[in-house]
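K.L.:
Sequence:
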Amino acid sequence: GTPSPLGASLTMSTMAASMYRVEDAKVRNFYSPFYGHDVKDLSVALAAMRRRHERVVFLAGDSSLDNKYWFDDVAQALNGYEEFLAPQVMKKDVCYWINERCVAEGKSIGCVNTAVEATCLNDRAFGRLLPQDEFIRDNIAGDDVLVVSVGGNDVALQPLLCTAINLAALVCCTPTACLERCACASPPNLGVDCGCLGCGLPGCVAGTFTGWPPGFGYVVDLFKNRVETYVKRLCVRTKPRKVLVCAIYYPEETTRGGWADAALRAMCYDANPGKLQLLIRKVFQHATTKIRVPGVEVIPVPLFEVLDSRDPRDYEQRVEPSAGAGAKMAAAFLAAMG
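With this note's numbering applied, the sequence shown corresponds to residues 2 to 339, in that order.
Simulated from the structure, these hints should not be mistaken for laboratory data. Check before you lean on any hint, since a few could be wrong.
Unchecked claim - In silico DSS-like pairs for lysine-lysine, Cα to Cα no more than 25 Å straight-line: (1) Lys291 to Lys233; (2) Lys243 to Lys276; (3) Lys283 to Lys41; (4) Lys243 to Lys108; (5) Lys233 to Lys276; (6) Lys243 to Lys283; (7) Lys93 to Lys108; (8) Lys291 to Lys93; (9) Lys108 to Lys291; (10) Lys233 to Lys283.
Claimed, not checked - FRET-style restraints, in silico, Cβ to Cβ: (11) Cys173 to Arg51: 22 to 30 Å; (12) Pro132 to Trp260: 18 to 26 Å; (13) Arg311 to Cys185: 24 to 32 Å; (14) Thr239 to Ala165: 16 to 24 Å; (15) Thr239 to Gly128: 17 to 25 Å; (16) Arg129 to Arg242: 31 to 39 Å.
No residue lacks a Cβ here, since even glycine has one placed at the ideal position from N, Cα and C.
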């Protein structure tokens, strides 16, 4: 039947009250969570960005973008964040620097950090998405830009058994000349990420027959097919204007100590950093640059060309971007966006 005027009035009043709460909300603990930002706080941040800007940049992935925990550098809130942060202070994370550069360059662009510290592709396997990923999927618009950096923790933080075996074969057993001249891989993307069944066996089987030297096909499957599947799921409802997919930066070469030291030693990085760096470049060439999302311009971003592995000022804990590195990354992202 026809809705009553009273019912319509109540509905409109409820919607108006909801909008009022979001627009007038003050967020006091925006930077308190270790794992990214609370979705309710992201809703407030996104509302502020939509009110002020023509386009929003969403950050997705892990601590290579959600680096706020690793330093205490702060600055006056800007680019719309001053409307809802209490106090009006921002951590100088990657998100801050993108917003800062947009202000400096007069761009009508805002950025929200929807990446999540200490997370892996395996956390998004079996059809799962994190709450922050679902927030991207449900809110990204056609003029927006998605920046994705993920997969590093599947190697350094929570490697599966087959991941460890294949990486060890590549960085400790494969001659550098073979990796340099002969590396090739073309594992098919079946469009389903089963999380490698908790051990990495499916990727290992596929990589064995589709890549050379041994182990390389597995790594390409991880950083091409599984990242591609993740990106497609973020864009399944609305395709953004552009997607920037990052290849990870080199870890810091100086052995100052950090949470990833054991993993770096296992990959012979302390003794021969050039070998893992070569592998990162080859993965960029054969995996990151091959990622495709129908209907979307995908732009590969080699972060190993942005951070300087011999400059300790670019790093926290050897594998986390410092505040200064975040500024470099922001410049690279805006340049890639055009």
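K.L.:
All hints, please: hold or fail.
P.N.:
Hints, one by one, checked against the model:
Straight-line distance between C-alpha atoms of Lys291 and Lys233 comes to about 14 Å, which keeps the hinted pair within the 25 Å bound. A hinted pair counts as satisfied when its Cα atoms are at most 25 Å apart, and Lys243 with Lys276 does not qualify at roughly 32 Å. Straight-line distance between C-alpha atoms of Lys283 and Lys41 comes to about 40 Å, which puts the hinted pair past the 25 Å bound. In summary, the hint linking Lys243 to Lys108 is supported, as the alpha carbons are separated by about 16 Å, within the 25 Å threshold.
Restraint check for Lys233 and Lys276: the C-alpha separation of about 31 Å exceeds 25 Å, so the hint is violated. Proximity of Lys243 to Lys283 is assessed by CA-CA distance (about 24 Å); at most 25 Å being required, the pair is judged to hold. Of the supplied pair hints, the one linking Lys93 and Lys108 holds, its CA atoms being roughly 19 Å apart against a limit of 25 Å. Distance check on the hinted pair: Lys291 and Lys93 sit about 32 Å apart at the alpha-carbon level, beyond 25 Å; violated.
A C-alpha spacing of about 30 Å is found between Lys108 and Lys291, which places the hinted pair above 25 Å, so the restraint is violated. For a cut-off of 25 Å, the pair hint linking Lys233 to Lys283 stands: about 23 Å separates their Cα positions. Our hint of 22 to 30 Å for Cys173 and Arg51 is violated, since their Cβ atoms are close to 49 Å apart. Look at Pro132 against Trp260: about 24 Å separates their beta carbons, and that is inside 18 to 26 Å.
Between Arg311 and Cys185 the CB atoms are about 30 Å apart, so this pair conforms to the stated range of 24 to 32 Å. For the hinted restraint 16 to 24 Å between Thr239 and Ala165, the CB-CB distance of approximately 37 Å leaves it violated. About 19 Å separates the C-beta atoms of Thr239 and Gly128, a value consistent with the hinted range of 17 to 25 Å. The given range of 31 to 39 Å is broken by Arg129 and Arg242, whose C-beta atoms sit roughly 26 Å from each other.
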